[in-house]
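A.B. asks: Just so we're aligned: the sequence shown equals residues 1 to 368 in UniProt numbering.
Read the hints as simulated data drawn from the structure, not as lab findings. Fair warning: there could be bad hints in the mix.
[As the list claims (entries may be wrong)] Derived DSSO-like pairs: lysine-lysine, alpha-carbon spacing no greater than 27 Å straight-line: (1) K326 / K66; (2) K304 / K336; (3) K326 / K193; (4) K312 / K350; (5) K326 / K161; (6) K190 / K66; (7) K161 / K193; (8) K326 / K121.
[As the list claims (entries may be wrong)] Derived DEER-like restraints, expressed as beta-carbon distance ranges: (9) K350 / K312: 42 to 52 Å; (10) G201 / G123: 24 to 34 Å; (11) L252 / G72: 18 to 28 Å; (12) L366 / D313: 12 to 22 Å; (13) G34 / G72: 14 to 24 Å; (14) E337 / D297: 43 to 53 Å; (15) N207 / W162: 21 to 31 Å; (16) E194 / P358: 17 to 27 Å.
Owing to the predicted nature of the structure, the values given are computational and were not obtained by experimental measurement. Where a beta carbon is used, it is the ideal one built from N, C-alpha and C, also for glycine.
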Amino acid sequence: MRRRSFASAALVVALGMTAACSTEGAAPAAPAEGKALEAKDVRIGFANFAEPASPVLGAIDVGMRKEAEKRGWEILVLNNDRDGPTAVANAETMVSRGVTHVVEFQGDGKVAPQIMDIFNKAGIPVIAIDIAHPGAHFFGINNVESGRLSGRAGGTYAKQKWDCKPDLVTVLENEESGDVALLRTEGILKGLKEVCPDIDGVITRRNSPTTPDGSQGVARDILVSKPDAKKILALGGNDNMIIGTINAAEQLSRAGDIYGYGLGADLMLFGVDTPGLGGSTAFWYEGYAKQIYTILDRMVAGEKIPVVDSPKDPNALFNPVCAFPKDAVSSIPPLKERIDALYAKDAPAKSAAEQYCPAGTETYGLGK
1 MRRRSFASAA LVVALGMTAA CSTEGAAPAA PAEGKALEAK DVRIGFANFA EPASPVLGAI
61 DVGMRKEAEK RGWEILVLNN DRDGPTAVAN AETMVSRGVT HVVEFQGDGK VAPQIMDIFN
121 KAGIPVIAID IAHPGAHFFG INNVESGRLS GRAGGTYAKQ KWDCKPDLVT VLENEESGDV
181 ALLRTEGILK GLKEVCPDID GVITRRNSPT TPDGSQGVAR DILVSKPDAK KILALGGNDN
241 MIIGTINAAE QLSRAGDIYG YGLGADLMLF GVDTPGLGGS TAFWYEGYAK QIYTILDRMV
301 AGEKIPVVDS PKDPNALFNP VCAFPKDAVS SIPPLKERID ALYAKDAPAK SAAEQYCPAG
361 TETYGLGK
């Protein structure tokens with residue numbers, strides 16, 4: 001048996017302690033509301049989730065730097081090191097270094113109010129990536145709609161192969177992730193029931209770690225409790241959870257009984273082999289910076305953008321996504337080629353989803 005164990009390409013990184021920056025010295029003042037800034041007066045503060053050693057964080061880091069360079073803006077880049085107190089210290093550093101706008105990427109919800117208090121006192125507008133910060137513009141994924149695409153894809157398979165009569169549907173979520181997990185599960189179940197409305201009786205929903213190894217144990221317990229299940233649909237909050245469920249089925253010599261559909265497409269799109277995974281909904285993390293700078297352009301031009309700080313609000317600033325089967329990955333350029341094309345000096349003003357979603361796939365957020 002070949003056991004598959006993958007670190008999450010999204011957020012598992014080699015931790016580093018060095019904060020990198022591109023500028024020194026005296027700082028321009030924070031922008032007055034409604035007043036446009038000249039390029040020479042713009043200084044972006046970007047605090048990345050951790051050292052950019054993973055494909056996701058590396059892609060975001062490259063994009064943030066290249067987009068600033070295109071515009072002639074200065075950028076101060078710091079490393080939050082996946083640590084709340086470090087993120088607070090970095091916020092203080094950004095204020096002391098006189099940034100005019102902040103892009104914050106950190107995952108400790110407990111320190112988010114403290115971070116925002118620092119920036120609010122300085123009058124600096126903030127865009128928060130993926131994790132809501134009170135009073136910051138939320139930017140990230142519409143978790144409900146992304147989950148819905150994966151749920152629909154899984155439901156479509158169940159309808160075509162099993163006439164919407166699977167023996168078991170596993171839905172794994174990570175409760176420690178808070179609203180993100182709950183919203184994704186809400187969307188998954190919504191999409192699944194759009195295709196197979198009478199499926200509630202076979203759904204088993206469980207709290208699970210986000211890693212393949214952790215989710216494998218949870219999934220194994222479910223499968224052992226359902227020894228007669230021969231038609232199994234695996235869904236969940238990220239690709240790793242689905243891989244863990246598939247690993248559990250393989251461990252129990254039931255690999256032929258299971259079909260999984262992921263969420264995020266981190267593994268498929270970043271060159272990781274994913275046997276058993278039928279497809280996924282791509283978040284296109286490598287395109288985050290491109291979309292973030294379209295928001296910063298408006299801010300720098302003096303536009304007053306209403307703050308929507310909740311990922312639950314449909315008016316929040318979302319990155320476009322799309323769902324596609326694994327066999328479509330061969331039509332998509334490798335990650336480095338995608339990054340080079342997205343952030344080239346003459347790159348078109350299109351999101352990653354617009355450029356790379358395979359034709360005919362279900363999408364959310366394109367054209368918005």
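A.B. asks: Which of the listed hints are broken here?
C.D. replies: The structure breaks hints 1, 2, 6, 8, 9, 10, 11 and 14; every other hint is satisfied.
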